[in-house]
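Asks: Residue numbers (our numbering), protein chains in the order written: chain A, 29 to 333; chain B, 29 to 333; chain C, 29 to 333; chain D, 29 to 333; chain E, 29 to 333; chain F, 29 to 333.
Incorrect hints may have been included.
Because identical chains cannot be distinguished in the list, a pair is counted as satisfied if it fits within a single copy or across any two copies.
[Claimed, not checked] Below, simulated PhoX-like cross-link-like pairs (lysine-lysine); rule was C-alpha separation at most 20 Å, straight line:
{"hint": "1", "residue 1": "K130", "residue 2": "K33"}
{"hint": "2", "residue 1": "K116", "residue 2": "K59"}
{"hint": "3", "residue 1": "K75", "residue 2": "K39"}
{"hint": "4", "residue 1": "K59", "residue 2": "K39"}
For the record, the hints were derived by calculation from the structure and aren't laboratory data.
Protein chains: 6
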Amino acid sequence: MFKKKNEDFIKNLDTVRVIQTPFVIANKTIKTARNGKNYIELNLSDKTGNITARIFPDKNTTEISDNLHLKSIYLITGSVDEFPRNSKNFSIKIDEFKKLSKDEYDLNDFARVSKKDKKELMNQIKTTINNINNPYLKKLLESFFSDKKFVYAFCNAPSAKIYHHNYLGGLLEHSVEVLKICVTVSDIFPEIDRDLLYTGAILHDVGKIKAYDYDLVSVDFTEEGKLLDHLFISCDMINEKINSLDVEMPENLQTQLLHMVLSHHGEVRNGWGSPVDPKTPEAVALHHADNLDAKVKIIIQNNGA
Amino acid sequence: MFKKKNEDFIKNLDTVRVIQTPFVIANKTIKTARNGKNYIELNLSDKTGNITARIFPDKNTTEISDNLHLKSIYLITGSVDEFPRNSKNFSIKIDEFKKLSKDEYDLNDFARVSKKDKKELMNQIKTTINNINNPYLKKLLESFFSDKKFVYAFCNAPSAKIYHHNYLGGLLEHSVEVLKICVTVSDIFPEIDRDLLYTGAILHDVGKIKAYDYDLVSVDFTEEGKLLDHLFISCDMINEKINSLDVEMPENLQTQLLHMVLSHHGEVRNGWGSPVDPKTPEAVALHHADNLDAKVKIIIQNNGA
Amino acid sequence: MFKKKNEDFIKNLDTVRVIQTPFVIANKTIKTARNGKNYIELNLSDKTGNITARIFPDKNTTEISDNLHLKSIYLITGSVDEFPRNSKNFSIKIDEFKKLSKDEYDLNDFARVSKKDKKELMNQIKTTINNINNPYLKKLLESFFSDKKFVYAFCNAPSAKIYHHNYLGGLLEHSVEVLKICVTVSDIFPEIDRDLLYTGAILHDVGKIKAYDYDLVSVDFTEEGKLLDHLFISCDMINEKINSLDVEMPENLQTQLLHMVLSHHGEVRNGWGSPVDPKTPEAVALHHADNLDAKVKIIIQNNGA
Amino acid sequence: MFKKKNEDFIKNLDTVRVIQTPFVIANKTIKTARNGKNYIELNLSDKTGNITARIFPDKNTTEISDNLHLKSIYLITGSVDEFPRNSKNFSIKIDEFKKLSKDEYDLNDFARVSKKDKKELMNQIKTTINNINNPYLKKLLESFFSDKKFVYAFCNAPSAKIYHHNYLGGLLEHSVEVLKICVTVSDIFPEIDRDLLYTGAILHDVGKIKAYDYDLVSVDFTEEGKLLDHLFISCDMINEKINSLDVEMPENLQTQLLHMVLSHHGEVRNGWGSPVDPKTPEAVALHHADNLDAKVKIIIQNNGA
Amino acid sequence: MFKKKNEDFIKNLDTVRVIQTPFVIANKTIKTARNGKNYIELNLSDKTGNITARIFPDKNTTEISDNLHLKSIYLITGSVDEFPRNSKNFSIKIDEFKKLSKDEYDLNDFARVSKKDKKELMNQIKTTINNINNPYLKKLLESFFSDKKFVYAFCNAPSAKIYHHNYLGGLLEHSVEVLKICVTVSDIFPEIDRDLLYTGAILHDVGKIKAYDYDLVSVDFTEEGKLLDHLFISCDMINEKINSLDVEMPENLQTQLLHMVLSHHGEVRNGWGSPVDPKTPEAVALHHADNLDAKVKIIIQNNGA
Amino acid sequence: MFKKKNEDFIKNLDTVRVIQTPFVIANKTIKTARNGKNYIELNLSDKTGNITARIFPDKNTTEISDNLHLKSIYLITGSVDEFPRNSKNFSIKIDEFKKLSKDEYDLNDFARVSKKDKKELMNQIKTTINNINNPYLKKLLESFFSDKKFVYAFCNAPSAKIYHHNYLGGLLEHSVEVLKICVTVSDIFPEIDRDLLYTGAILHDVGKIKAYDYDLVSVDFTEEGKLLDHLFISCDMINEKINSLDVEMPENLQTQLLHMVLSHHGEVRNGWGSPVDPKTPEAVALHHADNLDAKVKIIIQNNGA
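Chain A with its partners taken away, still in its complex shape:
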């Protein structure tokens, strides 16, 4: 297995030297050099960044390029170059390359992935669902979390394009953290409807599954994410799921739940994207729990960078 060494991560490629280490191919183009010959320019990436690399084949440039698969991982042999000298512009001249199979590399070298144990996080959600008393909310949550495709997406989606928890698995991690804070808030304020607050905490960001397009190389907005934003998409997914239940949720309960999700970006006048002010204790609690978790995460991520 070709585990990357620390000095081989892209952010550390800052001296002129020979290397052999795996990268993802993020992009490729064929270019023409001054001497008239064609060469292949690649954009390589690992979890620390991107770097330009070039292959100068003697012939068959097009075929070679056609055989390079985007978003696949290759073992690259070549040299790190700096041009112009002292410009801090480093690139790689590739001498050899070889596609690696899934067991020949460590995915964690390439994708930015949550460091927390997904199973444990999912267990916390499941335990919470088991302890929900309200039969409608329990059904709703069970319906979401018995859908394997949903669970897979929920466990792997990032929580943001930039900002906080912007890595694979970030959505699950963030949702559980918000849930934990909400548990404490419910302990402090017995007036709060726990079942409602916990359901809101777990589901408030589910729309991010559809709002982001993510893979080894990057996180981006989908067309839906760009034009409708995750607040609306989350509500839409919850609505659709409620309609598919075999019981009819009381309309007031449905409105209360949707309200929490719609208002979780806080007061309208702040201009952070909520179309309604949080108007119930549960909505206020969810907004501030979400904000607390996100803001602490941001400063810790930035400090660690």
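Fit chains B, C, D, E and F to the supplied structure of chain A, relying on the hints for placement.
Replies: Showing chains B, C, D, E and F alone in chain A's frame:
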């Protein structure tokens, strides 16, 4: 028919004198006077405001009160009083009252109602629908406007609780006005997708049907209106209608349409309630057409007050 | 013991009737009636509000007034009056009054007091202090909480003049709630310095002891509170206490702690009163934990009102 | 005629190759190469951007440079170079150049010019003026539009330095578009004074004639434009014109008209430059019509870029 | 002379008693009492406020009323009443009244007037003008201050409707104060053009002469003041005066001066009404000198209230 | 003495040529060239900026580097290079260098230093202190200004990292300028407590002594400056000094003084860093005097740049 004279509207009841004119009963309670006798205190209204009135029966106060129907229109005979003297606090002492039937009063004396001709306004919408080329948008609009219950609600709903077009029929009036501005904008900018813009103009506020509770006496938010706001409710109604069509609207078109509705309060950072910035020419046009119509209406309504 | 009945609280004095129940005398003045006779006008209060009352003595008005003690509790016998009729302006005509001793009334009828058990709250603080590892922070906290006068003030001060936790004991209650949220945040983010965060949570509002003047009747700002605000006063009290310790706290630790307190109202540009942005994970966490607790409390207090 | 081909516009000069196509000379300087020889460095432009070019004469560099006329159009023969390699920094090495006369090039290749037909736009303004009933406003408009120098400037000025309609003829185009929207608004709201609104629509931006300095190569602020802004300059021009009329406009009408121009950037507190809030229906309508046209134009211009 | 005693000013009329003291008649109406008789209701004022008063003539009410002159000063004999009792609503029942001539009252009892010596203030302006070196600015200032009508208005106008220096003579007082601060700023920063700054300081608010309508009783906006605001009116007056000079001011100097006046409310984005940002040292200095003087005046006026 | 010529300042090193002139060494590192040889890369500075320079020794690179002293001034002989050609990236190739002693260079070539005479400025402060009547404030000021270490720091500290007076001596210069403005304000408003205002003006920024770390090469925040900001540090220094006096300052006076310092960034809601609004005339005056001086300084500094 007991048409109200100008001096008999509530806002003009500012001198001590005898009157006979119809009012709506907005509220009633039984109270006890200093002398120990019960009397009935009413809140009367017409389209210009509210006033307190009292009936002092000799006996059977409860039965009399039970026979007074809230939100019905009564011909009231009595005197206007000012107490304390010079306090500008006027009330009515009722001597006689009589329930009027529908043909004995003019509804326009009581409800604040659009002055424009509903049929003509509806015709403008129908003509627009007929000229839509996009088959999906045409179907969607036809489906809404072939639903009589919807059309009735759309024609009678107010467009706001306070602010602009805050009277019965205001939604229809405002929607047609926005449509007209959008027609001009499409003439100016041929790059704009007319079908999409017109559909957005017609449907952008449909959620107000569910967001407001209104009658002769007042306009108020429904629970849904308070907790979800009309932007979301409009989208939800459009989504539901699209799902009920016998053709499948292309996902991209649906997203474009929902985007216009979600973003029609303008840029998120303004804090006016849009959860996404308007990001397409049609969404930008709809937002500013809506704003133009509303703001001119406000100043004209205020000037006229 | 003269425990107030529900209908005898000031907010419920809304019908003309005879009463006998205790009140605090918040204010008194001697006035002259139209007939030339003097009478005493009182401002009475209980925990639900204030009401005007009058005593019309036959003679010796001045002596009677001199014997009425402000901020003391009296059993009042008299009648509730409404003048002008139907004005909803109620006042009390006092026939008899009698000063009550401490065991003749229930303090909770008069002062707005935290409903939580102070001993239990103080125990949570003490347990936290015992578990602090950093010797300087532990000393600092022990020094504060071994000072009986400080503890008394800390347990009885309100947390605000208006807004959240604006009742006696509110400071203690709020501080412990923020501490609980900080414990959860520390569980979620192991990168956080727990000792520092807990110390900040406990001490962040200590300046409120000096910023508010409070008694049975009202909460008000002191001159210091008005001109310096509790952020600065808290820092000043912490600084003074640190200087009085028999060990010298490392300067960096002191700066970190003061930073948390100074920045706990969030980013400077929000205009909420912090003179520096929260720049450490502990400061960010404290700010948002404080905000979360306060905002949920506000909506629950308002809902309950 | 040397009409530019699509691939010869500056924004498309992104490969190393030989070219022959016309450019404007926006700037020139004489520089000294490493080998001690002088050369001429030019800044060339067309409507799509700017590019650096160099002439390396064997001798007489100064004379050659003196004969190159700024803001004139030359047919340039030479090669496109990229240095450093792969830097995307393209420049032109000029082998030959020849000044073109007016009929040898197409102005539209160089200046960013309105695509709409000026005559048709001017006709819409003239028709509007003919239909104005108010004699003072009609005189005022006629006086402006019978001044040929003014009409020339009004037809050719841009409407902005950056942002919307930032090309030659943009002012005319924008003014007519705003007028069209105002016609629709007048149809919707019969309470509006049409003559006043149309006059305001036509004249609201006339100050831009003096606020911008523009030519083939660029749009910039004049000293007056920078220090006084077009709102004030427009008012000043209108005032001056009113004073030159042979009738005396009623003071109130003059104030109403100036008010519309001064307030057309909307409410003062928005910080968009109006020194007074729009306070009349006409002023509110003009502001929002102006904003609608500008904002839709911006997104369409950006989409097209 | 009937100089008002302290206890006779309206703000001190808070006990039931007999009075004899002068007031301005601000308004009058004839009303009908419950007993059917007519009486005259007056609104009286002095510099401390307004109060309602009533005259109950036996007959000839209309003639009596016709002979009462608005905005004139009368010696009023009568009694102060409180109705309803304890309502703090005081009014005056008038027994006798007599119109006073100019030498029978002290104007300062009625109008809120600057306490500073106008002559001394005008002298400071004149000395400044004498010391101006720039011949154009000197001519401009001389032209303004040799116009007696202008000087009269400039000396008596208030500087605001509410806020700072909102009394007769406030404009002169404020202008001289701003000038003084500007003198200090010029001492500190030799880079500043003194002549320009002083001219701006003296003239920056001249438009207030036309923007306010003021008399003994009140300060209000004129139509011009409401629709054009004093920034523009000041510029317009300066422009007009410049055009009337027998020398031609260099255009750049005129632009610089107008710029200072237009921008003296600070940066556009603050939303305080400047249509351009202050962009020269003189404009920045004038804005902040103006702001400093106004803000200190406000707090001193409020403290004194 | 090696006084720098104008063309030798770093901002003017924009042509390829030979130079001999002194610089500060701001930074140094050893690097390895393509040919495998080591060289020394320096960051040189003077008061106009920074430039990269390189020494290519034949041998003993490490020893040579060790003998180069950071923040010392060296006479540098070498050539100015541009690489890549036409890139405007200039650097220096050093041929010879020699450390200069204090009398061989002019400090003003390197450090950005106040141009005003420090003695004169200090005299203005001393004269002010002598004229203070309030014995406590006089003692406080004397205590600060009899501390030589404090005076040295106060005379040499900058007033900002960027923005206004951001050079050595800027704090003294700014404090005296604010004082001068406050003298004028006190003349205008006799209600102001001069002693208090002058003391606040002199001491309002003393915390900058501890908030900035500065030397020949740069101004930066200290840890304290970053985490506590100068408002708090100033108050803390004043508090500490007050506690060290042999008289006890009345608590109210101390609160008033601290209030001025804490609030001198203006209203809390502006988000400029004050934790309390200025609530006294002196605090309002200090805030606006400070702002006036800073804003005029900024535009003059920028104009001069």
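Asks: Compare the structure with each hint and give your call.
Replies: Hints, one by one, checked against the model:
1. K130 to K33: Within one copy, since 18 Å is at most 20 Å while 50 Å is not.
2. K116 to K59: Cα proximity of K116 and K59: across copies only (12 Å, versus 23 Å in one copy).
3. K75 to K39: within (9 Å within a copy, 34 Å between copies)
4. K59 to K39: The answer is between: 19 Å across copies meets 20 Å, while 25 Å in one copy does not.
This entry satisfies every hint, going by the numbered hints stated previously.
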